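Trainee: This is what each chain is made of:
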Amino acid sequence: MKYLIRLSALLVCITPLSLVANPVVEQLLQDYKQQSPDRPTAAKGKSLWVLAVRVQGVDEKRSCTRCHGDSLANDGQHAKTGKTIKPMSPIVNARRYTDAQKIEKWFRRNCKWTWGRECTADEKASFLLYLTTSTD
Amino acid sequence: MNIWKPLVLILPVIVVTTGVVYADRDEREGEGRGWFSSFRLDVAPVTDPLYQEECGACHFAYQPGLLPERSWQKMMTQLDDHFGDNAELVEAKRQQIEAYLGTNAADHANYKRSKGFARSIKADEIVLRITDTLYFKRKHDEVPARLVTGNKDVGSYSHCAACHTDAAKGSYNEHEVRIPGVGRWDD
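As they're listed, the protein sequences go chains A and B.
Take my numbering: the final residue in the first sequence is number 136, and no numbers are missing along the way.
Take my numbering: the final residue in the second sequence is number 323, and no numbers are missing along the way.
Don't read these hints as lab results, they were simulated from the structure.
Among the clues, some could well be false.
As the list claims (entries may be wrong) - Simulated crosslink set (EDC-like; lysine to aspartate or glutamate; CA at most 16 Å straight-line):
id, chain 1, residue 1, chain 2, residue 2
1, A, Lys105, B, Asp216
2, A, Lys105, B, Glu189
3, A, Lys102, A, Asp38
4, B, Lys210, B, Asp289
5, B, Lys258, B, Glu234
6, B, Lys273, B, Asp216
7, A, Lys112, B, Glu189
8, A, Lys102, B, Asp289
9, A, Lys102, B, Asp260
10, A, Lys112, B, Asp217
11, A, Lys105, B, Asp221
12, A, Lys80, A, Glu104
13, A, Lys80, B, Asp217
14, A, Lys80, B, Asp243
15, A, Lys83, B, Glu190
16, A, Lys33, A, Asp136
17, A, Lys102, B, Glu227
18, A, Lys80, B, Asp289
19, A, Lys105, B, Glu224
20, A, Lys112, B, Asp260
21, A, Lys112, A, Asp70
22, A, Lys105, B, Glu190
23, A, Lys102, B, Glu224
24, A, Lys105, A, Glu118
25, A, Lys83, B, Glu189
26, A, Lys83, B, Asp221
27, A, Lys86, B, Glu189
28, A, Lys112, B, Asp216
29, B, Lys275, B, Glu312
30, A, Lys105, B, Glu227
31, A, Lys86, A, Asp136
32, A, Lys86, B, Glu190
33, A, Lys83, B, Asp289
Just so you know, these numbers come straight off a predicted model, no measurement behind them.
Please build the complete structure, drawing on both the sequences and the hints.
Mentor: What follows is the structure, given as structure tokens:
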């Protein structure tokens, strides 16, 4: 019994550290690595996250923060509909990055909406590294 | 022998019957609200978790009972250009959602407001926005634009839940309206 309690206490302690090792994200990072020779980093992800791009036919510069807000730990707000979007950091929002299909779906939609094109494997890997480790 | 016992048993029957009678009257009159109508919802709430997840991600998950089946059908075949956004789904999910919307659409629902929305659209017309239906316009024609488009916490009429505090439960009762920065709605 005591052993079990200690074990679960240990698990609780290491959970935050193992966030990057979330199996869904791990698998995606593996897949992206096979598609791109570049080395993705969290730092690259961070600068891409705030990179504002002007797409042809759109009369504003857009970045990921346009809907997800200035901090990964806080709510964001959808640019067009005003709906609240929950924090992007899995450290404050445990439901994040738990479904590979969902992640791929939103990368496709949001990269097109924000930058007018799909993101590359290296960009997506960098985003995931940044999003899963930072609360900035 | 306690004489109250039979009364206590009968009371709920009386209450329920009166409620039904009044609700029924309410239904026929369309506009008025009967005694018990606050217990009745305006449209059926969303029950499908897939719909809630997929169609509630970018905006409030509009209840299927707010538009007739033909509107939903058309919308579900052009998700790649969904009011200027891409809302495409994998085919299996798209079909499942289309079926849910169809079954629960305004023209099949037995809810007062649903009937109102459905009837306000001409038979040969397909309206894609709830906010473009005649019923919607009629219900909101007394609300001044500065409280909607001129209100940064509302932005547009499409944002139902910004003003209707119980919209997610399928309740659009005018007495529950709180316009951000303005408060209760008293007309």
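Trainee: Confirm or reject each hint.
Mentor: For each hint, the structure was consulted:
1. Only pairs whose Cα atoms come within 16 Å are accepted, and Lys105 of chain A paired with Asp216 of chain B is accepted, the gap being roughly 13 Å.
2. For a cut-off of 16 Å, the pair hint linking Lys105 of chain A to Glu189 of chain B stands: about 13 Å separates their Cα positions.
3. Restraint check for Lys102 of chain A and Asp38 of chain A: the C-alpha separation of about 24 Å exceeds 16 Å, so the hint is violated.
4. A hinted pair counts as satisfied when its Cα atoms are at most 16 Å apart, and Lys210 of chain B with Asp289 of chain B does not qualify at roughly 30 Å.
5. For the suggested pair Lys258 of chain B and Glu234 of chain B, the alpha carbons sit about 22 Å apart, so the restraint of at most 16 Å is broken.
6. Distance restraint check for Lys273 of chain B and Asp216 of chain B: the Cα-Cα separation of roughly 27 Å exceeds the 16 Å cut-off, and the hinted pair is therefore not satisfied.
7. The straight-line distance between the Cα atoms of Lys112 of chain A and Glu189 of chain B is roughly 21 Å, outside the 16 Å bound, and the hint therefore fails.
8. Proposed proximity of Lys102 of chain A and Asp289 of chain B is contradicted: the alpha carbons are some 29 Å apart, above 16 Å.
9. Taken as a hint, the Lys102 of chain A and Asp260 of chain B pair is broken in the structure, with Cα atoms around 37 Å apart against an allowance of 16 Å.
10. This hinted pair checks out: Lys112 of chain A and Asp217 of chain B have alpha carbons roughly 12 Å apart, not beyond 16 Å.
11. About 13 Å separates the Cα atoms of Lys105 of chain A and Asp221 of chain B, which keeps this hinted pair within 16 Å; it holds.
12. The suggested pairing of Lys80 of chain A with Glu104 of chain A is violated, with an alpha-carbon distance near 21 Å, which exceeds 16 Å.
13. Between Lys80 of chain A and Asp217 of chain B the alpha-carbon distance is near 14 Å, which keeps this suggested pair within the 16 Å criterion.
14. Distance restraint check for Lys80 of chain A and Asp243 of chain B: the Cα-Cα separation of roughly 29 Å exceeds the 16 Å cut-off, and the hinted pair is therefore not satisfied.
15. Straight-line distance between C-alpha atoms of Lys83 of chain A and Glu190 of chain B comes to about 14 Å, which keeps the hinted pair within the 16 Å bound.
16. Under the criterion of a C-alpha separation no larger than 16 Å, the hint pairing Lys33 of chain A with Asp136 of chain A is inconsistent with the structure, at around 25 Å.
17. With a C-alpha separation of about 14 Å, the suggested pairing of Lys102 of chain A with Glu227 of chain B holds against the 16 Å cut-off.
18. At most 16 Å may separate the alpha-carbon atoms for a hinted pair to count; Lys80 of chain A and Asp289 of chain B meet this at roughly 12 Å.
19. Only pairs whose Cα atoms come within 16 Å are accepted, and Lys105 of chain A paired with Glu224 of chain B is accepted, the gap being roughly 9 Å.
20. Only pairs whose Cα atoms come within 16 Å are accepted, and Lys112 of chain A paired with Asp260 of chain B is rejected, the gap being roughly 35 Å.
21. A C-alpha spacing of about 20 Å is found between Lys112 of chain A and Asp70 of chain A, which places the hinted pair above 16 Å, so the restraint is violated.
22. The straight-line distance between the Cα atoms of Lys105 of chain A and Glu190 of chain B is roughly 11 Å, inside the 16 Å bound, and the hint therefore holds.
23. Only pairs whose Cα atoms come within 16 Å are accepted, and Lys102 of chain A paired with Glu224 of chain B is accepted, the gap being roughly 12 Å.
24. The suggested pairing of Lys105 of chain A with Glu118 of chain A holds, with an alpha-carbon distance near 11 Å, which does not exceed 16 Å.
25. Restraint check: the Cα-Cα separation between Lys83 of chain A and Glu189 of chain B comes to about 14 Å, which is no more than 16 Å; the hinted pair holds.
26. The suggested pairing of Lys83 of chain A with Asp221 of chain B holds, with an alpha-carbon distance near 15 Å, which does not exceed 16 Å.
27. Between Lys86 of chain A and Glu189 of chain B the CA atoms are separated by roughly 13 Å; this keeps the pair inside 16 Å, and the hint holds.
28. Of the supplied pair hints, the one linking Lys112 of chain A and Asp216 of chain B holds, its CA atoms being roughly 12 Å apart against a limit of 16 Å.
29. For the hint pairing Lys275 of chain B with Glu312 of chain B, the CA-to-CA distance comes to about 14 Å; that is within 16 Å, so the pair holds.
30. With a C-alpha separation of about 13 Å, the suggested pair Lys105 of chain A and Glu227 of chain B falls inside the 16 Å cut-off, and the hint holds.
31. With a CA separation close to 15 Å, the supplied pair Lys86 of chain A and Asp136 of chain A stays within the 16 Å bound.
32. Between Lys86 of chain A and Glu190 of chain B, the direct Cα distance comes to roughly 15 Å. Compliance with the 16 Å bound is thereby established for this hinted pair.
33. Proximity of Lys83 of chain A to Asp289 of chain B is assessed by CA-CA distance (about 10 Å); at most 16 Å being required, the pair is judged to hold.
Hint violations for this structure: numbers 3, 4, 5, 6, 7, 8, 9, 12, 14, 16, 20 and 21, all remaining hints satisfied.
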